[in-house]
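Visitor: Heads up: the protein sequence lines correspond to chains A and B, in order.
Under the working numbering, the letters of the first sequence match residues 1 to 340, in that order.
Under the working numbering, the letters of the second sequence match residues 341 to 827, in that order.
Because the hints were derived from the structure by calculation, they are not lab data.
Backbone N, C-alpha and C define an ideal beta-carbon position, used for all residues, glycine too.
Just so you know, not all the hints are guaranteed correct.
[To be verified] According to the in silico footprint, chain B covers these stretches of chain A (three or more CB under 8 Å from chain B):
# : stretch
1 : 56-62
2 : 172-183
3 : 209-223
4 : 240-248
5 : 294-308
[What the hints assert, rightly or not] Partner residues are not named here, just some residues of chain A that face chain B (Cβ under 10 Å, in silico):
# : residue
6 : Val186
7 : Thr197
8 : Ala200
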Amino acid sequence: MSRPDGSTDRTPGREPLLSVSDLRTVFYTDKETIHAVDGISFDIYPGETVGLVGESGSGKSVTARSLLGLVDEPGVVEEGTLEFKGEDLLETGWAEYRGDLSIVFQDPSNALNPVYTVGNQIREALAIHQGLRGSAARERAIELLEAVGIPDAPRRVKEYPHQFSGGMQQRAVIAIALACDPDLLVCDEPTTALDVTIQAQILDLLDELQREEDLAILFISHDMGVIEETADRINVIYAGEIVERAPTERLLAAPEHPYTEALLNSIPGRTPPDQRLPTLDGEVPTPDGPAESCRFAPRCPVAVEECHETPPDAVAVGENGTDHSAACLLAGESEPEGEQ
Amino acid sequence: MATTTPADNRRLLAPLQDDPKLAAWVAVGLFLFALQAGAVAHFLTGLVADLLGIFPTAEASNSVLGRLVGLFEVAQRRAAELPTLLSRDVVPNAGHWNGDRWVGTFMGFSPAVSWGIRVTLVYAYAFTWVVWAVLGYRYYREQYRVADWTPRDDIVDRFRSHGWGLFGATIVFLFVVMVVFAPTLGPTTVEQNMESSYDYETTYWNSETEEVETILTGEANLNSKSTGDQSRVMPMSYDDFGRFHPFGTLPNGRDLFTFIVAGSRISLVIGLLSVGLSAALAVTLAMTSAYYKGRVDLGTVLLSDAVMAMPQLLLLIMLITVLSDSWVGEIYSGGFVLALIFAFTGWTYMWRSIRGPALQISERTWIDAAQSFGQRPWTIMRKHMLPYITGYILVYGSMTLGGAIIAIAGLSYLGLGVAPPTPEWGRAIQLGQEYVNTGSWHISLIPGLLITLVVTGFNALGDGIRDAIDPQSDTGTGGAAGRGGGA
């Protein structure tokens, strides 16, 4: 299409900032064993935005928490490697890289501790990562609040989270994440709890910060519309597995996996105004064992008999050099979508 | 560093120069403190000397510890000479009638009136401190705090309209003042009246010979016994030696009020020590098990179940007997051992109550956020979890304290725990037990009523705090009906 596929930030020789391969996070409860993240692999290069999209319960947040080492019992990251700057975090631990990886959570009102002022919480991160204390930390906190677009920062820095609106709170959370001076920002549905106008502002802010600080962003959302706007490359996750990956333009133009297609169809603008928005029946299954068939098959509109018997592997689709793969038995077989 | 100090000083003192109200408030605080500075110094130096004296090597006079102890004892004697407003010497009540007027009492009033003045003065002084603190808090809220409103304001407001909680707070206030000023409040002192009564003399007006005579205090006690209908000194009356007894006398002729006031100190100190220790244990374990969850949590559950399964009373009796002759057993007349046993058997209940809220808090996102930017686990627990469970600690702590006071009284009623010469409420009840159905009913009744009142007070305070912390609770009675619906 208009842009050379997928080559945005992937100049040859540049190492990925974070390379996730075959990540498996399993929750052992008394009743069942849930494979919440079941063999996920993706790379994030410096300065790019990678999208991770999927509906509720598909394992997006568990992926984010696994990346940051925040999986609580009874969850265990069982397998895989998380290579960050060349070191496997699962082996070395996060201690040295805390702050290089920051996270912005979904609900800002819950991510800020209501008993401390916003400034106090920014200074907490500053003290750990930049060794700033006293008036230096106070000044830096004000600068950070200004950087995330909070007006009247010198006054606001002394206020409590409840005195902030939702959008302001999310800006403050981003300021805390920035206080760690991160290389990779994991945004776990950062705009889901906000209304649409605020959502646009936060997205603009992230975009701006990314350009200024050369941040890599892993953007997690259930909203294809938001992902489409922000991400350079998109990973579609379903029931703990990545079912399709492609550069944004490519994925939008030529989705290979029926699930991706269904997600795209659910973006309101893509359906003519006089038609019903197409929906998928059913829910994401809970992956409680190794895959024995395509997990999407029960809901898939085009599933054939084989789909219920064989788990599909990710196969490269599209022309050579495009980073486009889909985990579907039917992928690549069918005729190319839309225009040639 | 030296260059920054003057600047910092200026910043610290600047509000005092700009704000006359604040300056006045600080001045009043300093004045109130100055009135009792001698007593505070006396208490602190004595405390240090006693603490150092606990160690076995302190007895050798040439050891470093021994010298330190000596040093602080001298300091304590010096401090005792500093004038204080609320000492027994300023408003004395131990005087005698010389035929036509009272000698040695405050401005020639009767001993009862002098004693009353002193008690009033003590409570007025304590009350002034409370008013001072409340005014200071209000002024801070209006002038200095940045936020117009914090969630804690609601807690304070809810507590202020909670009648039962205020009743509890009042009782606890009265009790704590009694504990703090115990030596001043009694009409006589433990040393003069009980511990070494044969080293002191009492001067009195002998109405038969119509002359002023002296008698050993111990002998005077023998003639002021309350044992049944014939010989008794009832509350708010004088004995034959012109001594005033606000609560009457014990069966051995000693002053019941002095006994109770001194006993209140023991009760509260042991209670606070045991509740403090068990709260510290409970909070640490609750936060650790909530933060790490899983096996750590399971391990703590097993540990607490094991401790709960031990029969507490049996353990108490056994350990008190075993340890009674050892050096730990002698600290604070055996009260220290008692506190330790209470703490190590009692933390489980508090831990169980706090674990739930702690688990709830550990699920909040800001814990994850702090973890994600690399805050140390212990700091996360202290900074991001502890503020949410302090309320629960206050509630359970205040209720456990009542229980501890009952337990201590119960044990000394049985003759266990605090060793006999040291006054304890439970022993007063036990001493008066034989005379309950005679004219000397006051001996058991007064301490019994006081225990009930104090324990009720602590529980009421706990209830009040609980309701104040919980935004869903209905505050107070009657007038609250309109407000309750809005929440």
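Visitor: Next, verify each hint and record whether it holds.
Guide: Consistency of the hints with the structure:
Remark: the stretch 56-62 of chain A is not confirmed as covered by chain B, as 0 of its residues place a Cβ nearer than 8 Å to a Cβ of that chain, below the required three. Given a C-beta distance limit of less than 8 Å, the hint that chain B covers the stretch 172-183 of chain A holds, as 5 residues qualify and 3 suffice. Counting residues of the stretch 209-223 of chain A whose beta carbon lies closer than 8 Å to any beta carbon of chain B gives 0, which falls below the threshold of three, so the coverage claim is violated. Counting residues of the stretch 240-248 of chain A whose CB lies closer than 8 Å to any CB of chain B gives 0, which falls below the minimum of 3, so the coverage claim is violated.
Only residues whose beta carbon comes within less than 8 Å of a beta carbon in chain B count, and the stretch 294-308 of chain A has 0; fewer than three means the coverage is violated. Contact between A/Val186 and chain B, as hinted, is supported at the beta carbon level, the nearest pair being about 9 Å apart and thus within 10 Å. Of the supplied interface hints, the one on A/Thr197 is violated, with its beta-carbon coming no nearer than about 24 Å to a beta-carbon of chain B, more than 10 Å. For A/Ala200, the suggested interface contact is broken, since its CB lies about 23 Å from the closest CB of chain B, more than 10 Å.
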